[in-house]
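Novice: Could you put the whole structure together from the sequences, leaning on the hints where they help?
There are 2 protein chains.
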Amino acid sequence: MGKDGAVALGESQSPANESGSAAMRMAETLLRILPIALCVAALVIMLKDSETNEYGSLTYSDLGAFRYLVHASGVCAGYSLLSAVVAAVPRPSSMLGAWAFFLLDQLLTYVILAAGAISTEVLYLAYKGDTSITWSQTCGSFGGFCRKATASIAITFVVTLCYAGLSLISSYRLFSKYEAPVAYTNKGIEVATFQA
Amino acid sequence: MGKDGAVALGESQSPANESGSAAMRMAETLLRILPIALCVAALVIMLKDSETNEYGSLTYSDLGAFRYLVHASGVCAGYSLLSAVVAAVPRPSSMLGAWAFFLLDQLLTYVILAAGAISTEVLYLAYKGDTSITWSQTCGSFGGFCRKATASIAITFVVTLCYAGLSLISSYRLFSKYEAPVAYTNKGIEVATFQA
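Those protein sequences? They're chains A and B, same order as listed. Yeah, the first sequence ends on 196 if you go by the working numbering, and it's all consecutive. Yeah, the second sequence ends on 196 if you go by the working numbering, and it's all consecutive.
None of these hints come from the bench; they were simulated from the model. Quick caveat, the model's predicted, so the values are computed rather than measured. Mixed in with the good hints, there may be bad ones.
Same chains, same names: a pair is fine if it fits in one copy or spans any two.
Said to hold, decoys possible - Derived pair list, reagent style DSBU-like, types lysine-lysine, alpha-carbon separation capped at 35 Å:
no. : residue 1 : residue 2
1   : Lys48     : Lys128
2   : Lys128    : Lys148
3   : Lys48     : Lys148
Specialist: Here you go:
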């Protein structure tokens, strides 16, 4: 009876868990593959972003924030590719792997969010200027430059959303391996009830 | 035998889980209370940050990034206070509450990280300037202003670290309530083995 109950417990959760797991694997794979293309797009648009006219010339590398965006996009594209490959290989459950995915996903989310945020701020200053500290607005003279930068930053924010979703999935993967703290659940008691 | 085993299973995990849970509750309480003081400090320093000299006058509100930092710090201080009170009240385990903490902690982490990042970028521009787009460096004339802003931003990054820790704890709290996906663990089989 005890053994049967335990086996039933294990099996009763399988069908729902398996379909949920399959859907989540699909979502995870998508969220890992999509940023590869998006990051490369953001990177290429920013790399090719330079304009020369009668006012002078301006390239992305004149602005520290845009240089950082290029680097962050490159790192993200590389990490997305690597993690998509690693995640696609079927392998036994590993606590270390789950922790690595969790921490790296979180870190990359912060990196790409910061890249998007500071680039947005610089672009805002380039559009509006700031007369109180004599920063002139730049986009009047370099409209094409600013439009390309806007496109690149918009893509970066889509990547940020993908990574926020990935963070959610990888923290589920990691922490669902742990038992809930005793004070917060009665999982153990549920098992006992089921057995009795 | 089945029942004894199940009860033993439930009880065998209690002592470790309970001390771990107590330590985590302590850490969570600290990480919720600490940002209240830090956010108020960052907010007050930034609010009082203005300098008038022979070059003119400059206050935090002249810069959009610093205004955003003030708002973000205010929201964070309020949320930290509220969430510390809610988390301190002993209550039955609730999935909805765990999801709310998880999502709000994540969101506030992103908000305060973005505030720190864009303020750092503006401060960097104020220190270094950017000759290619004729933005002059400002901190030569307004040294005191820039030093106060630096202090406020440094505190904001400490708050960001606190929130990153909180995100970790609240995602553990939430997702440890879920069963691990079948493909990734053999929790069910472990139970069966224990019973047999």
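Novice: Hint compliance check: list the failing hint numbers for this structure, sorted ascending.
Specialist: none
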